[in-house]
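**Student:** One line per chain: the protein sequences are X and D, in this order.
Counted the way the working numbering counts, the first sequence spans residues 144 to 569.
Counted the way the working numbering counts, the second sequence spans residues 214 to 460.
No lab work stands behind these hints: they were computed from the structure.
Because the structure is a prediction, the values reported are computed rather than measured.
Incorrect hints may have been included.
To be verified - Using 20 Å as the maximum straight-line C-alpha spacing, the simulated EDC-like pairs for lysine to aspartate or glutamate come out as follows:
#: 1; chain 1: D; residue 1: 321; chain 2: X; residue 2: 567
#: 2; chain 1: D; residue 1: 408; chain 2: X; residue 2: 533
#: 3; chain 1: X; residue 1: 534; chain 2: D; residue 2: 324
#: 4; chain 1: X; residue 1: 316; chain 2: X; residue 2: 501
#: 5; chain 1: X; residue 1: 334; chain 2: X; residue 2: 478
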Amino acid sequence: MSDAAPDYRQMWSDLGLDLPSHDALLGAVGQMYGDAYLTQENRPEGTGYLDFVLSEVHGLRIKELDDFRKEGGKIVGTFCLYVPEEIVRAAGGWCVGLCAGAEFAYDQVEQIMPRNTCALIKSFMGFKLGKVCPYIQVSDMVVGETTCDGKKKAYELLGELHNVHVMELPQLKREKDMVLWRSEIVELMNKVEELTGKKVTVETLKTSIKEVNDKRRALQRIAATRAATPSPISGKDALLATQIAFYDDVPRFTQMMNVLSDELEGRVASGEGVAPAGAKRILVTGTPMAIPNWKLHDIIEKAGGTVVGEEMCTGSRYYQDLVSEDAATLDEMIDDIAAKYLDINCACFTPNDGRIEDVIRMAKELGADGVIDYTLNFCGLYQMEGSSVEKAVQEAGFPVLRIETDYSMEDVGQLSTRVEAFLEML
Amino acid sequence: MRVLGLDIGSRSVDAVWIEDGVIVDARIADSGYDPQAVARGFVELGMHDAIVATGYGRHSAREMFGCPVVTEIKAYAVGASRLFPEAASVLDIGGQDTKVIALGAAGKVTDFEMNDKCAAGTGKFLEVMAKALGFELAEMACASRAADHGVQISSMCTVFAESEVTGLVHRGEDLGAIARGLHESISRRTLSSLKRIGADGPLVFAGGVAKNAAMVELVRAGFEGKVVVPEEAQTVGALGAALSLGG
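Kindly generate the complete structure, drawing on both the sequences and the hints.
**Tutor:** Right under this line is the structure:
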């Protein structure tokens, strides 16, 4: 975060960032990162790449994106898993996940949104209004999606400030919903083609499907090593890897995560772990954790537990399914993409039994001692679904702790007590 | 070996010394503005061979005294089970938080619930409300017990409830009925917490608020099962902390 080169300041200024606010944000994130990550012991060497990427999160990476644009490339910003990266890349664009993980400029946000809006929505709006997110500034188009009522309305407000395209995500998974969803993907493809001036072809789509699948395969490898006792990587570092997957260069990230996986597999073979063998193993499920939201993982791991999995959008939902690589025609590829993405188990669907099955399966596979259901305040969908998840997971034999919180630090004391007591109980 | 259990809470610092599982001394002091200094005062008495800390200040105590720590949940479970071996659940209403704990065999925690970040329905809530009504804490409990009905109080948030109480006072409501309404609102909330974790009797009601006779009466009336209140309700956590060493 520190040692920002002067040329970045010029770039930030050119991108329309508010430099004093942006400095304050980077300072705060740097401090949080130092406290949560750099205090960890016995980290795998491969996490050095994560440290490097995070230290350049608003620097080198933005420069790469900016340079790409100067050569005529287009950037598409997203907030959600349902926006298919394969389509954007096949049309010659790059996808980046947008900032939504910290409290910023809430005073401005609350002038246009209710105070009791979920932290994720308030955060992305705050980053835009406060002029501190370079990712949205380099995005030629932002693609939203109708995953919840709050986001739907927020995209209308964001649309007044930025070029926004919204995809309609169905809320059931019937055949006719698939027809709608597929048509939304085709429309996105047309939009991105219009933006980049390039056509999606069988060749480019085949390549992008393979590239994005490879990224997911690398994350799957990391996830698989966490089933070992002791886990070779902290939950915090594994979470960070998934968070970075949303905005890093795809082939480079894939390569570096495979290097990390090689190391982790070696650690598993030699029984080397980050936490003591007796550390309680926790599976976390619930709402996404966008950078720099490391709050819950930090609390769990500082209390002596170890997070062995995330059943969330910044976790298994992002990488557990692949797009089929067998298709020969463009139409078939689009069918496969539509099928893969509609298969993600988000609480915006009804019913959403697949999520419960995933949580129980993961808890078993990863040898979890307990499950923590994590929900952002005012996320009605996950709050409502929480009781069914709790009941089913308890019936499967896993104790459950439910936590509702936001990005503020005011409840860390009480959350720590609850998490520590949960670990003592297991 | 003599073990000092320290419960460093928001309102008081409680200390219990045990030797071979028997209480040899117990003391309570106000947390004031420097609870760590209060805790150090107990440590400097030099009446112990080992320390275990619990409560909000446990992590600072670990740094200061290099001692092990346990959460308040475990401390209350262990302490309550020692005082009442047949206990099946624990209710602790402290200065800043409320805990309900379901106990399994040998006093093991099987489930628990704690209030979230605010002090709704805790000792602090009662203190603020007493002030709004112009009562001392003890007077408020007496007025509540003497009232023939309670006014419905809908806010559990300390700040909102204070406004609500002020409004009721201005409307000329009977102060005793308001006091009773406040106690009823806490006991309702507490009883529904107990229900959610499936707490059975006997229930050990501990923590500073267990010294409030109006609260005890209401919890007794609403809980399906026996409710017992330890004589030293405030030091159950410190006792549990001391007992948890080695077990």
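**Student:** Confirm or reject each hint.
**Tutor:** Here's how the hints hold up against the structure:
1. Note on residue 321 (chain D) and residue 567 (chain X): the hinted pairing holds, with a Cα-Cα distance of about 10 Å set against a maximum of 20 Å.
2. For the hint linking residue 408 (chain D) to residue 533 (chain X), the alpha-carbon distance of about 16 Å falls within 20 Å, and the restraint holds.
3. Pair hint residue 534 (chain X) plus residue 324 (chain D) holds up; C-alpha atoms about 14 Å apart against a cutoff of 20 Å.
4. Restraint check: the Cα-Cα separation between residue 316 (chain X) and residue 501 (chain X) comes to about 17 Å, which is no more than 20 Å; the hinted pair holds.
5. With a CA separation close to 18 Å, the supplied pair residue 334 (chain X) and residue 478 (chain X) stays within the 20 Å bound.
Every hint from the earlier list agrees with this structure, and none is contradicted.
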